[in-house]
Structures are given as C-alpha cells and as structure tokens.
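*Asks:* Next come the chains, spelled out residue by residue.
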Amino acid sequence: MIFTSYTYLVFLITAFVIHWSLPVKARKPFLIVASYVFYCSWKWQFGFLLLGVSLFNWSYGRWVLKEATIPWALACGVAVNLTPLIYFKYTNFLLANASAAARLAGFDWHQPALNIILPLGISFFTFQGIAYLVDIATGDEPLEHLMDFLLFKALWPQLIAGPIVRLGDMRDQLLRRRTLDYADVAEGCQRVLFGFFKKVVLADNLAPTVDMVFNSASPANAIDAGTAVLGFAMQIYFDFSAYSDIAIGTARLFGFRLPENFNWPYLSRSPREFWNRWHMTLSNWIRDYLFTPMSMASRRRPKLLPVWLLVAMALCGLWHGAAWTFVLWGVWHGLLLIANSTLLKRFFPPSSQDRPDVPLWRVSLGIAVTFVLVVAGWLLFRARSVSQARSLLYSIAIIRGGMRPSILRENSVLWVACIFFALLAAQALRRPLLSLGNSTLPRWPIFILRPVLYTAMVAVIIIADREAQAFVYFQF
Amino acid sequence: MSFDLGRLLTDRRLWKGPAPWVLLTFVVANFWVGAHAELFQNLRTHNLLAIDPTAPADLSKSQYDISCGEGIGRFWQYIPDARSNRLIVISGMSQMHTINDRKPGDKLICQWMDDTLRPQGIRVWGEAGPNLCNEEALMQMIAFCNEPRTTPAVFIYALCFDKFRNLDLRPGYQDFLRARPDILAAYQQAADHYASQYPLASTKMKSSLADLKSEATEEDNSFETRVRAGVAKFVPLVAQRQDVNALLTIQIGMLRNAVLRITPTSKRPIIQSRYDMNREFLQMMADVALEHHVQFIVYVIPLNAQAENPYVTSEYEQFKIWAKKFADDRGLPFANFENLIPRDEWGFFMGGPDFKHFRGEGHRRTAEAIMQTFHPWLVGDPHAPKAVTQP
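In the order they appear, the protein sequences are chains B and S. Everything in the first sequence is counted per the numbering used here, starting at 42 for the first residue and increasing by one. Everything in the second sequence is counted per the numbering used here, starting at 1417 for the first residue and increasing by one.
Only chain B is shown next, with the shape it has when bound in the complex:
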C-alpha cells in the first residue's frame, strides 16, 4: 500500500474515523493492528519478521539490558538486529564480492545471486531497534508495556521509510492520552496534501527523464547527463521529503508528532549544513550511534576523527544500498565533510543559525558550491555502476555534444529546467510566502487564496497522477 495510492487514502480515512471513535483504551491496540495491516498488505509473511524483531527488542531491553551488567550484552542485541538486515540486504552483495575476490585470487568460484526479497522498511526498523537498545544500555528506561513498544516499532507512518523515530521522541506521546485537536488535523491534512503534490506531480514526473538517461545503453551527451543528474537531485528530494511529509502528516492526524526530516536542504551553505538539513533523523542517528561512539573510543587520538567520519559516511552509503556506488557516495560526502572542517573551513560560510550576518554573495557562493558538490554525489548514488558514473561525469566534464542532447528530447530538458527554476524561486521566496499568514495584509485575500490553492493542488494531483509509483527510499 503506497502512500500516494487511493487505497491508502481509503485506509487512512477509515483508520482515522475508527481510531477517534473508539474508547481510549482500544486506540493503541487498534493502531497496532492497523499498522500491521498496512505492513502486511505488501507481503504478509514479513509481518512475522517485524513482530519477531519487536518482541526481541522489547524483551531484550526490559530483561537483559536493564538488569544485566554483561559488557557484551549490547553488542549481542545489536548483532541480532543486524542479522536480518545483513541477510536480506547484503547477502548477494557479499557473495558477488566474494566471487570477484576469488576470481582475483585465481579460484574458479562463482555463486549466482540468491532470490532474496528485501522486506520493506527493514533498514529503518533495524536502525530504530539498535537505537532503542543503545538508549536503554546508556541509561534510558525501557518501555514497560509491550503494547507501547509494539506501537513504537510498528506505527505505520514511520515504518517503511522513516523518519527514524527514537525512544526519546515517542515515549511521552505513547504514554500520555492523545486527543483529537483541530490544529493537528489541519496541519496533518496540509502536510499530506503537500506530500502528495511533491510526489505525484513533481517526483513521479521527473522520474521518466532521469530513468531514460540512467537506463540507457547509449553514451550520454553533457546535456543529457547534466539534466539527468539535476533531475535526480530534485526527484529524490521531492520523493523522500514527500514521504516524510505524508508520514508526519499522517502521524499528526492520530495525535503523534514525528521529528522533521528535511529543512530546505538545497539552501545549505556547506556540506556540513547539508547534513543538518537532509534526512535529519538519519544523519543524527549516524552521528549519535556510529560516529560518536567510534570517536569516543579513540578520543586520545584526535587525528583519527576524519577516518571515523569517513567510515561513518561510507557505512551510511552502504545502508542506502548494497552496491559500491552507494559506498562511494558515502565516502564522497565523508570527504566533503572533512574538507569542510579542514581545508575549506574558511570557504564555506557558517550556517544561518550560527552566523546570520554573513554577506549575501558569500552565502550565495556557499549555497551554489554546496549544491554542485551534492549533485555530483547524486550522480554516484543513482548510477547503475561506477563505470556509468564515470562515463556521465566525463560527458559533463568535456561538454560532450555541446548543447545538443543525445538521449533526451528537448522537452525533457525544458521540463527539468522549469522545475529547477521553480525550486529556486520557492527557496528564494519561502520567507515572504510563509510570512503571508502573519502579515498586515487584509485577511480576505489569504482567506480566498488558500482554498483555491489547495483545491488547485488536489486537482493537479488527480490529473498528473501516474498511478501510485513506489517511493525511491522503499528500496533502502
């Protein structure tokens, strides 16, 4: 059941009405059942995997980590969480690399790829499980009631592709009584609508152009490669932030507040700021559960910090997908972060939160350079192989074919350019637009504009719909 399907809308409305009509005591069990129905609608067998992982983490946190003082208890718990992820996601990758290594060593050993289906959301619920165990091991109180934990783990808005929700984000919300508030419903509906628009109208309609180039067996000209990679930079942003919007909006309809995942990432002034604005719950997770423990373990050797940063980012890349292109993408961002804090420290302006008074030209230059570097990373991320990434990069570097496309039609190039300029305009005008609601303008234009805008968005979503395309992040 994809978020942007009609089926999901029916499910959401039904769940909303039933949930808020039920007595308070019945709401949590209902949400758990609804979450499992949502998850099992894709492949019911994997519901048992989710249930098994949940039961393990709850009991392990409650009876092993809280009570025991065994030093390796946490490591065992983490290993158990990682086992399904490694099996489902990385077996074929490991086998392929082992085969390649064997061939290099002169052995004639080849293991064909196994037919393993990747359970939806496994990367996300594995990270959530690990974070839970680490939090318990470092002093947090585990959730006492199984019901609370099952809901924490399975709550469907965040189950498949985040935001990666931690115990600290949810504990109070799980324990207190939630009420139906107009402000929550209004905000939730708005976020769901914006999510639908970004996914159905923008991301899904950028995808064919991007796929055309990356799936082509022909060499691309510079304009094809540039359009495709710029298109993908926008596609993945709209796609994933749309998912987050719908997730956050859906949760809000049921009285939950999930952490934000995106904050205008392409306005980042530096690679460092980018990771504070892009997939924020993942970058926080990587920082808190991977980078910090590694750097703390070697705190007497600060020169190792860049190495740990590189390792953390490479693992972040590998988490996204079992391929070397993802690892390289992670390494690329690791290098950018290292450069950001060393060689190019003075080049990139500090973030707007740290220093709001930086000259505009410096901010603009920082944003432009960061954007180009991030987009170059997306090339690695989307490429089917390292050699394809190299070939596309080469096409751009030598401006192969001049301004003439070799794969895309001119319309596709124009479409991507239009979306790009629209995004630029939205970014530039976001403050004045957001402040419209609080401005001294008479209320009536806003009163009229909002319904017209929302209705237009609904109409465009219906008209532009390409029938519930899967989200990019479902594969991770």
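The reader is advised that the hints may include incorrect statements.
Pairwise CB distance ranges (calculated) [to be verified]:
hint, chain 1, residue 1, chain 2, residue 2, range
1, S, Asp1608, B, Arg472, 52 to 60 Å
2, S, Gly1450, B, Val410, 47 to 55 Å
3, S, Arg1565, B, Ala146, 51 to 59 Å
4, S, Asp1497, B, Tyr435, 48 to 56 Å
With a Cα cut of at most 20 Å, we get these calculated DMTMM-like pairs of lysine to aspartate or glutamate [what the hints assert, rightly or not]:
hint, chain 1, residue 1, chain 2, residue 2
5, S, Lys1622, B, Asp222
6, B, Lys69, S, Asp1420
7, S, Lys1683, B, Glu451
8, S, Lys1519, S, Asp1760
9, S, Lys1432, B, Asp222
10, S, Lys1477, S, Asp1531
11, S, Lys1683, S, Asp1745
Keep in mind the hints are simulated off the structure, nothing from the lab. Just so we're clear, the structure is a prediction, and the values are computed from it rather than from any experiment. Don't be surprised by glycine CBs; every beta carbon is placed ideally from N, CA and C.
Given the coordinates of chain B, assemble chain S onto it according to the supplied hints.
*Replies:* Same frame as chain B, but now just chain S:
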C-alpha cells in the same frame, strides 16, 4: 464510544478555516468537469487526429484501429482472421489515419487497400497511431505474430524520419500489454533474444517492461484499480483525468511554442542515441518478421515538397540512404514515396501548408502506389524475392 470526532466537527475553527471552501470548490470543479466531459473527450480525440465520421457503429466492420492505439485491445478482436484470409497489416504514423479537408467518400490508405484487395481474398488491417515510433511498431509486430489468427502474411511499415526521435510505449499499448501476459512474455522474450544483437533496443525494451511491471502487477494494484474505478464513478475529475491531462498538456505545449517561437516547421535535428535505438528497433522488426515468416515491407512516406519541413536536410538525406541500404541488405521490398503526392493534394495546418498530411486523394494515390509497387509480395507471388537475415 468516543466523542472526539463529534467535537472536531463542532469546532468553530473547522468551519471558519479553508476546509469547507476547499470542499465546495472541489465539488464545483467536479460538476464543471462532469458537465464538460464530452468536450474533453472530443478535444482529446481531435488531438489524436483520430476523427473518422465514417467509422462504423458496428466495430466488427472496422478496417483499422479507429482508436489509433488508445484502445488497441478493443479492436484486436476485429482484426480479420489470418487463418481464413491473407492478412496484410499496414502501420505508421498520423499520415495514415488523418485526412485533411475530408469529403464524403474519402478513405484512408488501409481502407483503399482493403476494399481493392478483398475480392482476391486479401484483407488489409490498419494499425497506425499518431507519432508512432519504431519501439511501438515492434510491439505491434510481436503482438500480431503472437497467435495464428493475427499473424499477417505481410507487414507494411511507413518510415517517417521525425519519428526516429520518439521512444516509449504509449499508455494504450501499455494497458494492452498488461492485459495480455502472453504478448508481454513474447515482448520480453524478444528483448532477451536480441540483447546481444541490438543492445540499445533490447535495453530500452527491458526498461519499458520494468515500468510496466512496477506499475501494475501486484495484488495490491488490482485492488487499487478497483478503488480508482469506484472513486471515478463519483468524482468526475478522476474519471476524466486522462482527458483533462491531455488537454492541459496541449495547452502547456502551445505555451511553450508561443514562448520559444516553435512552429510545426521548426528544425528538429536528430537525437543521436534515440535515432540509433530506433534504427535497431527497425532492424529487430525485420528479424522478428523473418522469424515468423512475415513479409516485411518498408517505404519512406510522402512529404509536401511545397511546404517547409522540420528536417535538417543533410540528416534527412543520410536517413534515406540508410533506409535504402537497410532494405537492400535484408532483401526487403522498399520504396521512396517522398515525391508521390502532387501539390494540390496536400492540406493546410496551423495557417500554412501541411508538410505531412494530405487530402483524401493523397490516401488513394498512396494506396495505389503501395499496391502497384509491392504487388508480388501483397498477393503472395511465389516468385517474389524473399527477405534474408542480416548480412
């Protein structure tokens, strides 16, 4: 039982906020779309150049796919039975199903051919579609050759240079493939079989198949389809979304043309990779035809010499040389009808002479030229030269 929902419904902020107005505007918009549904359909048909006032009400009397590919599945059953007739299929782009300044008695190329050849036990079926590209023509050929009832003796394909810029299967063909797993499998098989011979075309076919499979094969999607159909019954905007989408796309295209000053004769240079891919698709068509013992015939379409066309002259010349060589190498019957139609048999389009679509006389003349030039192959003369495999 909880009263939370009741409290929400009686919350004054709900009624003072945008929600009721959004609902009201949406309802009004739907009424408007519902009231203009026929207009939207007509505009879409007009855009497809699929207007045939003489189309029979009884579809079983059809001589060609009147939907121009949009509803190919609907017309598939009316293809003359190749087991009891000698079947000729003729396919190509909009030139073959459009008649400028239509007069009573005007007929399309395929209709002229069918009416002329029918007494000899030969039936002709037209399967043209607007902007038909070689990927789609290949899909048609694979589909036709998939069962004895529709396997033609001859497949005639009209080569149009600017269609070598196009790729992808149109939604009507995608729906058709989804509804016909046997043809889908044959398409997949061809993509695999010719992977090493035609890597560009094969990769594209696999990509098209991947799109098809990702869109609608899961059980969830069949439920989704039912939900959508149910919603469409009550929400006209959902029911008419494809028509409205087509209309909006045309408007956006016209806006683009106005802003960038694009006209029907603005030069459209070849897009090399697409051109190469379309050449591979054409070559694969020749192989598939040979494999199924279908006589493949190609001809270069007539063009209006008096009208400016959007082709880059040098590229078009190279194309014609390549097409001739392709046909010669394969032993395929080939003709260049570029100058076949005289000046007064062409029509007008967007205020100027139409470079590609002609009047009824042009259709008759083209049909006669095809029947005359390719006569031995059309009637099945055993002495007609046979196609050969790729040299």
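*Asks:* Run every hint past the structure and note whether it holds.
*Replies:* Hints and how they fare:
no., hint, in the structure
1, S:Asp1608 to B:Arg472: 52 to 60 Å, "54 Å, holds"
2, S:Gly1450 to B:Val410: 47 to 55 Å, "52 Å, holds"
3, S:Arg1565 to B:Ala146: 51 to 59 Å, "57 Å, holds"
4, S:Asp1497 to B:Tyr435: 48 to 56 Å, "55 Å, holds"
5, S:Lys1622 to B:Asp222, "50 Å, violated"
6, B:Lys69 to S:Asp1420, "15 Å, holds"
7, S:Lys1683 to B:Glu451, "12 Å, holds"
8, S:Lys1519 to S:Asp1760, "15 Å, holds"
9, S:Lys1432 to B:Asp222, "15 Å, holds"
10, S:Lys1477 to S:Asp1531, "12 Å, holds"
11, S:Lys1683 to S:Asp1745, "30 Å, violated"
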